[in-house]
Amino acid sequence: MNLISAVDINKIYQSGEIEVPALRSVNFEIEAGSFISFIGPSGSGKTTLLNLIGCLDKPTSGKLKVAGVITSDLSRREAASFRGENLGFIFQDFNLIPVLTVYENVEYPLLLVQNLPYKERKDRVHSLLEKVGMKDQMNKYPDQISGGQKQRVAVARALVSKPRLVLADEPTANLDSKTAFMVIDIMRQMRDDYGVTFIFSTHDPKIVSEVEILFTLEDGMLVNTSKGKGGRND
Amino acid sequence: MIKLFKIALRNLIRFKRRTLLTTSLIAIGVLFVMVFIAASSSFNNIIIGQITDSMLGHIQVHKRGYMASIDSLPLTLNLSEKGWKKFQSIAEKIPEIESISPRIKFGGMFSNYMDSTNIRINGVYPDMEIATIPLLLARVKGGEKTIKKGEILIPELLATGLKVKAGDSVVVIATNKDGSVNGKQFRVSGIIESVTGPGGRDGYIHIEDAKDILRMEELEVSEVAIRINDFSKLNKINDQLTKNLSESKNKKGKPIFDIRTWEKLSPFYNISKMIDIMTIFIKLMLIAIVLVSIMNVMIMAVYERIREIGTISAIGTMPEKILVLFLIEGFSLGVIGVIIGNILAGISIFLMNLIKITFNFSRQTGYVLSPELKIGDIIFVSVVVIVMSVFATLQPAIKAAKMEPVDALRHV
Ligand SMILES: Nc1ncnc2c1ncn2[C@@H]1O[C@H](COP(=O)(O)OP(=O)(O)OP(=O)(O)O)[C@@H](O)[C@H]1O
Ligand SMILES: [Mg+2]
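Residue numbers (the numbering used here), protein chains in the order written: chain F, 82 to 315; chain D, 730 to 1141.
Careful, some of the hints might be misleading.
[What the hints assert, rightly or not] Straight-line Cα separation of at most 25 angstroms, DMTMM-like style, residue types lysine to aspartate or glutamate; simulated pairs:
#	chain 1	residue 1	chain 2	residue 2
1	D	Lys1050	F	Glu98
2	D	Lys735	F	Asp257
3	D	Lys1050	D	Asp968
[As the list claims (entries may be wrong)] Partial list, computed: chain D residues near chain F (C-beta under 8 angstroms):
#	residue
4	Arg739
5	Ser898
6	Met1047
[Stated by the list, open to error] Label pairs and their in silico Cβ distance ranges:
#	chain 1	residue 1	chain 2	residue 2	range
7	F	Gln95	D	Arg743	16 to 24 angstroms
8	F	Arg105	D	Val1116	52 to 60 angstroms
9	F	Met302	D	Arg743	57 to 65 angstroms
Hints were generated in silico from the structure; no laboratory data involved.
Each residue gets a CB set at the ideal place from its N, CA and C atoms; glycine is no exception.
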């Protein structure tokens, strides 16, 4: 079953008087459990597309189905609860909450979004922090750890609510290439361990060697779909 | 919920200086309001106590019509003996009335055999007067503190003007209601200090002497002063008395008695009202301070944290939780300010009592201000400040809750 299917997606931004077409007639399908990347130059529409898939924004036209739900039909509140239940997010600037510790940042979605009991929260947060190698730093605050470490925490936070899909818009853009590879590696590892679908965008061709399927965007259009080297180890 | 508080508090700690500034602004506002309320109500109580306990009594009863021409102390408008008895029997049935004192008031000439001047005189039963006006004798400066038959307490101004001392012989001459003039010799038993308000410069003699001078065959009463046992119930008791007395009507069917509380008898009541109005304005200013300062920081807080709001919203936090998160922050600012303000107010008021601030009112000197923090005031001011804090946070918090995550995340 396809986790995501996009049919003839168009997105036009209204920038004052001018209409800016950010996506033009985009079609694609993504299987559950894939490790996918959208690549393309700046302004090609990667963020726009990820926002649509992530239920943060709605297409101007076209039909987008995520996890069996036509997300363009959701209300604001429905979209929020859909995101809380099905999606995880990783951001370019990490976007950890500065007043919360590493542990609390990862715990946040369970507490304020899913409202799980303490014991379960603790178990999940500990095991994920262990996986991303941040357990020994869990009482530190975001400004006390490095960029790579922050992004690992963000990966843990995105996964803690057991989402079906994790969306990452340029998760490595603010990291040096060694750290970037490490973060991508961890993401892949997580995909392998939990079967979560990962979609990330990047404009760095080097980093995409890890992915299974690579969508190339140019000027708002999907110009190429190719298989990457990083097939599943099965 | 506890977690939301934790996040809000950590955010407040994150912006230490701003939090400190806002909370101290609120705290200082609360401090001033509390101290002002405490000091002004102490001032009020002292002055009201002075006025009622040294001269007026809590309530006064006259024959209807007397008050309109009180300046001339009309002898024709006195209560008859029958009227006075009637009053007495009604007043006895109200247990809250602690004591009553009938007075004969009249104007006359006062002479020390060399000079003479006008005087206003109260003829009283000493025991009843002292029970009703407990501070009366405290006003007596020179001489013995009594009002025996044949003796007179004369007001300070007269004593100075005519150079009369305690022990001197003087004569009081008055015209009675039939127009005949009569005089009587008195020994000055003491000099009485003036106080503000009507009757503050009156002399006192025994009521029997007053009857003598005015050649009254039976008792007539110009004025009855009343003391009640619980001043806070003044209006209730006054209503009760008014109701019970209203049944007494004269031949024309008009009520006989005119009942007034001290408020309608003393000009200080207006000062006291002014102080109350000032208190209201000061409270309004506090509300303005709270509104402006909290609104200001919370608008800043929301603006600075737009990306953060975008993040938690993207993760799936419901708009109402975001709203609550900010409301708690404003609420906490208010609570912290209120707590610090009340503590400071407590300390200040304690110190004020320690250093004993004195003030003078009219010719009375050396009143010691004894402000106290009342639980009712603390609760009222605190609740108002906290409610205002939340109210001021509402607009920025709603703005945060309504933010679209895409726009918030794009914000730099
Ligand atoms: N809110 C918006 N209003 C108007 N135009 C927008 C808006 N967001 C994006 N665009 C425009 O849409 C196009 C696609 O933008 P998008 O951010 O999706 O590109 P991108 O591939 O993510 O670029 P980058 O690599 O720089 O992040 C660009 O031309 C951009 O200027
Ligand atoms: Mg982008």
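Hint check:
no., hint, verdict
1, D:Lys1050 / F:Glu98, "violated (36 angstroms)"
2, D:Lys735 / F:Asp257, "violated (34 angstroms)"
3, D:Lys1050 / D:Asp968, "violated (53 angstroms)"
4, Arg739, "holds (4 angstroms)"
5, Ser898, "violated (89 angstroms)"
6, Met1047, "holds (6 angstroms)"
7, F:Gln95 / D:Arg743: 16 to 24 angstroms, "violated (37 angstroms)"
8, F:Arg105 / D:Val1116: 52 to 60 angstroms, "holds (53 angstroms)"
9, F:Met302 / D:Arg743: 57 to 65 angstroms, "violated (44 angstroms)"
Of the hints listed earlier, those the structure fails to meet are numbers 1, 2, 3, 5, 7 and 9, in rising order.
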